[in-house]
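Place chain Y on chain B using the hints.
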Amino acid sequence: MPEFSHSDYLAILLSLKISLVATFISLPLGFTVAYLMTFKRFKGKVALDVLVNLPLTLPPVVIGYLLLLMLGQNGWLGKWVLQPLGIKLIFTWKAAVIATAVVGFPLMVRSIRTNMEMIDRRLIQVSRTLGASRFDGIFTIIIPLSLRGIIAGSILMFARGLGEFGATIIVAGNIPGVTQTIPLAIYEYVSSPKGDSLAMALCSVSIAISVIVLVFYEWFGRKMIKRK
Amino acid sequence: MELRVSAKKQLGKFHFSADFEIKGRKIGIFGPSGSGKSTLVSFIAGFRSPDNGSISLDGETLFDSSIGINIAPEHRRIGMVFQRSQLFPHLSVKNNLLYGYKRCHAIYRKIKPDEVIDVMQIGHLLKRGVSNLSGGEKQRVAIGRAILSNPRLLLMDEPLSAIDESLKLQIISYLKNTCDVFDIPYLFISHTLLEMRIMADQILSIAGGYVKGMVTAEELARGEMRNSGGYTNLLNFTGPHRVSDVYEYRWGNQDIFVANNGGPPATLFELPARNVILFKRHPGMVSTRNFLKGVVTGIFDMGTTVGVELQLGSKKLVAEVTKKAASQMDIKIGLEIFAAVKALAFKPLFRSREP
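First to last, the protein sequences are chains B and Y.
For the first sequence, the numbering used here gives the first residue as 237, with consecutive numbering after it.
For the second sequence, the numbering used here gives the first residue as 4, with consecutive numbering after it.
The shape of chain B in the complex, shown without the other chains (with noise of 0.2 Å):
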């Protein structure tokens, strides 16, 4: 087993950091349009609906891209917000957490909209018969309801994070130490000679988490379905 050198363990612990900040930033969005969604009916529903979804079927380059095109120094975003207020968000980790939330955010609208469609519109109704304000129904009824969605689609949602790399290469760059998440850290053992091994043990370590991550996926759905 070759060593692992400062710059690999800070990639393992920054692909954690960034995957769990995508995803704890991503639920609260998440839940709203997955609510949304399910709930409400407006104008405009199919095309949020395809916005939401469109990061599925698009390639994560060019995901990556148009965020870079959007949160540059140029971009309308980075130029007219974010430069202003002195934030720098490009080739930074935090770059690398917003191309991550951007691409597992359908995966976690998804599997949160599945379990809200399944709560029956009547009990929302009882509810506010019963004095409870929408606020007040959606803490009570709607999230414990959904709940098995919301933590399955926060797990999915992290374990796409651990993956990522396309959208994170392109807004965030490959700096060891600094956004070098394990994908990329991979990619360059790849690259580079005598870079198998390293890459390998990588490889390893990215497999252990994934595995770690889908038994307790698997584990929370069977006591979800038992406590039903």
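If you are wondering where the hints come from, they were derived from the structure by calculation, not from laboratory data.
The reader is advised that the hints may include incorrect statements.
With a Cα cut of at most 30 Å, we get these calculated DSSO-like pairs of lysine-lysine [said to hold, decoys possible]:
no., chain 1, residue 1, chain 2, residue 2
1, Y, LYS215, Y, LYS319
2, Y, LYS105, B, LYS276
3, Y, LYS97, B, LYS459
4, B, LYS276, Y, LYS11
If you want a taste of the chain B side facing chain Y, the calculated C-beta under 8 Å gives, among others [unchecked claim]:
no., residue
5, ARG358
6, GLN361
7, VAL362
8, ILE377
Using N, Cα and C, we set each Cβ at its ideal position, and we do this for glycine too.
Just chain Y now, kept in the frame of chain B:
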């Protein structure tokens, strides 16, 4: 309770139009499936809004399209019991029961959890999850939950239609007794004549999206008798005590004997009008246990037969006889007559609360 509704709504090809005012505490809404009963209920509860019109309850405007008022369902204080229990599956029985109670303003909390749990006999279920309950238990919890939200009006939208036939009487007895004990005004929606007669004093009749009018439970029973296989008396007796193989009840100022069917004694009974035999004179010794003296107060057409309405003290009873028999007996209003009813002829429904 005073409810005023003036509402119009176009739902695809279905046009709903209602314009009525009702005062009372036990109101029924009767009509066939698809007649617009549930649409009306959803307007009153606030789940849907009419295209135009107004709705007010006890003088408070709940909806008025002309001035843009539409009170949210949670602020209407209108409780609801649906066809299915609609219990929250992630909460225990206790937390289901208390969901509305906790959200009810302290000044309205007149009905307490312990009282409802006692009347509904659900104390032993409190810690259980709702998925482990039987259909009847679920509906009892749902009724308790709605009552504990201390509503000023309870809407019951066909609360018995999804329950097994064998449990319907049990649940309706809980419904009736609970509403009587806590004196909650209600709108009871059903397409079943018996349920309507048990639950409602005044009935709003709906058909094809239009409100046909207001009738009493008795008028509805007579109007529907051709569809329901003849007229059936619904009799509420008091204080049973066992005498040998029969139960003796009081009905107004008369004693009534009802056969012991082995179960706990009921107080509400059905008696088909065709099981009442009329005599002009007392026939002497007969096997019939109930021989009641009364006066004919009404005669009404029942198609091939006639209904004879008798006044027995303070109570009324209807007998169904053939037109020929009525003619031969020369039955007319004011005639003194004897009605004979076998102790076995009564169909027990349930034990209702003493009036």
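Satisfaction of hint between B:LYS459 and Y:LYS97, Cα-Cα up to 30 Å = holds (23 Å)
ask   = Was the hint right that B:GLN361 lines chain Y, CB cutoff 8 Å?
value = holds (6 Å)
ask   = Holds or violated: B:ILE377 as interface residue toward chain Y, Cβ cutoff 8 Å?
value = holds (6 Å)
key: Proposed interface contact between B:VAL362 and chain Y, which counts if any beta carbon pair is under 8 Å   = holds (5 Å)
key: Restraint satisfaction for B:ARG358 [CB to CB of chain Y, less than 8 Å]   = holds (5 Å)
task = Take a quick look at whether Y:LYS215 and Y:LYS319 sit within 30 Å of each other, Cα to Cα.
result = Measuring from Cα to Cα gives roughly 27 Å; hence the hint holds.
message = Holds or violated: Y:LYS105 and B:LYS276, Cα atoms, limit 30 Å.
response = Roughly 28 Å separates the two Cα atoms, so the pair holds.
key: Hinted pair B:LYS276 and Y:LYS11, Cα distance within 30 Å   = Holds, because 24 Å separates the two Cα atoms, which is no more than 30 Å.
Comparing the model with each numbered hint stated earlier shows that all of them hold.
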